[in-house]
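Working from the sequences, and respecting the hints, build out all of it.
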Amino acid sequence: MSTRRRLNKYLRKSYILPLLALICLVILWRLPRPDERNGVKSIQKPAANARENIPAPTLRVASHPATESPPSDTLNFTVVTGASDGYFGGLRNLVGSIHFWEPRTNIVVYDLGLANFQKRLISQWCWTTLLSFDFAQYPAHVSVLKEYAWKPVIMKDAVDKYGKILWIDAGSDVRGPLKKIDKYLSQDGHFLVQGQDEDMTLFSHNATFKYFSSSKEEFLKKPSYSGNLQGWVRGSRAYIDILLPLKACALTPECITPPGSMLFNHRYDQTALSILAYKSGLPITPHTELLAAERRQLSENYRQPSDMVVYTARQYSSDYAYSLCTFGSKGWKIVEAFLSFLRWLFS
Numbered sequence: 010m011s012t013r014r015r016l017n018k019y020l021r022k023s024y025i026l027p028l029l030a031l032i033c034l035v036i037l038w039r040l041p042r043p044d045e046r047n048g049v050k051s052i053q054k055p056a057a058n059a060r061e062n063i064p065a066p067t068l069r070v071a072s073h074p075a076t077e078s079p080p081s082d083t084l085n086f087t088v089v090t091g092a093s094d095g096y097f098g099g100l101r102n103l104v105g106s107i108h109f110w111e112p113r114t115n116i117v118v119y120d121l122g123l124a125n126f127q128k129r130l131i132s133q134w135c136w137t138t139l140l141s142f143d144f145a146q147y148p149a150h151v152s153v154l155k156e157y158a159w160k161p162v163i164m165k166d167a168v169d170k171y172g173k174i175l176w177i178d179a180g181s182d183v184r185g186p187l188k189k190i191d192k193y194l195s196q197d198g199h200f201l202v203q204g205q206d207e208d209m210t211l212f213s214h215n216a217t218f219k220y221f222s223s224s225k226e227e228f229l230k231k232p233s234y235s236g237n238l239q240g241w242v243r244g245s246r247a248y249i250d251i252l253l254p255l256k257a258c259a260l261t262p263e264c265i266t267p268p269g270s271m272l273f274n275h276r277y278d279q280t281a282l283s284i285l286a287y288k289s290g291l292p293i294t295p296h297t298e299l300l301a302a303e304r305r306q307l308s309e310n311y312r313q314p315s316d317m318v319v320y321t322a323r324q325y326s327s328d329y330a331y332s333l334c335t336f337g338s339k340g341w342k343i344v345e346a347f348l349s350f351l352r353w354l355f356s
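Residue 10 is where the sequence shown starts when you use my numbering, and the numbers rise one by one after that.
Just to be clear, a hint being listed does not mean it is correct.
To be verified - Distance condition first, Cα-Cα at most 30 Å in a straight line; then the derived DSSO-like pairs of lysine-lysine: (1) K219 with K128; (2) K188 with K219; (3) K219 with K230; (4) K170 with K288; (5) K231 with K219; (6) K128 with K170; (7) K225 with K288; (8) K188 with K231; (9) K170 with K155; (10) K288 with K231.
For the record, the hints were derived by calculation from the structure and aren't laboratory data.
If you're wondering where the values come from, they're calculated on a predicted model, not measured in any experiment.
Here it is, written out as structure tokens:
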């Protein structure tokens, strides 16, 4: 009988295995809380733009503040996203994918309704800052998550804070290095993609066109700009001509969510973004070649880079959920080593 089989048989008949499990539980119980370990406390931020009378979000948890200058070997922008409790799985996978492909990149997550235990977990993620978003400070329609009025408000706040941002929806993940996006964002002052449809008028409410003194006919056969992946630079022409009026639209229900609008006939923030992008007159080159809508467009091995570096997975991917970098401790390392030993023993 092999040594491995004898050890397996002995452990099954002894009290060693339950004892080891008990030791692991004690270690986990004794681990410090995230805020104790990282010395982070809740901080109330003053309003960023008093003239708009719109308060900036409150900093809840910061586990490696994104306001620090990025290290020289990282991207020259901050990745921004937002998630509610139902999107935590997608968020975990997204952050894990960034840690896998672009470690040490600053990440900011806006809390759209996360559970307390989810926020505690996020506080352990490397290079990740969690910001709360106070829906009560905005018009009532902003709190309806499926109408997406919150997204332009958050993007405007984030770009004012961090200077240069890339928004990625929490259900998506990264599939390769983001250096090309970094280049385009720095070069053009914006980063936009298309590919969701070939005619934006099929999914855009008439009232939103009227709000911008336009008509559907002006936009026939023009594809939508995606709300899933977009980059902004503070003070750029796109910031002034697209993002600022996009936020104003988001705070106006007649623009972002007019009466009679639903998902089958309107795309809310995406409709407004597309109208403004076309009306801006900016020479926008949509880099749709970098956005994958289907898994077949990706490398078969998720550890190999894809040409399309962001995948609109819609939470159907968990490839990178265990690639998360977390603030480790000796206790966690002991537990991980013990679990690895058990997997080897009983495999």
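Do the hints match the structure? See the list:
1. K219 with K128: violated (41 Å)
2. K188 with K219: violated (39 Å)
3. K219 with K230: Holds, at about 18 Å.
4. K170 with K288: holds (27 Å)
5. K231 with K219: This hinted pair holds, its Cα atoms lying about 17 Å apart.
6. K128 with K170: Distance ~21 Å between K128 and K170 Cα, so the pair holds.
7. K225 with K288: holds (13 Å)
8. K188 with K231: holds (28 Å)
9. K170 with K155: holds (25 Å)
10. K288 with K231: Status holds; Cα separation ~12 Å.
Going down the numbered hints, you'll see the structure goes against 1, 2, while the others check out.
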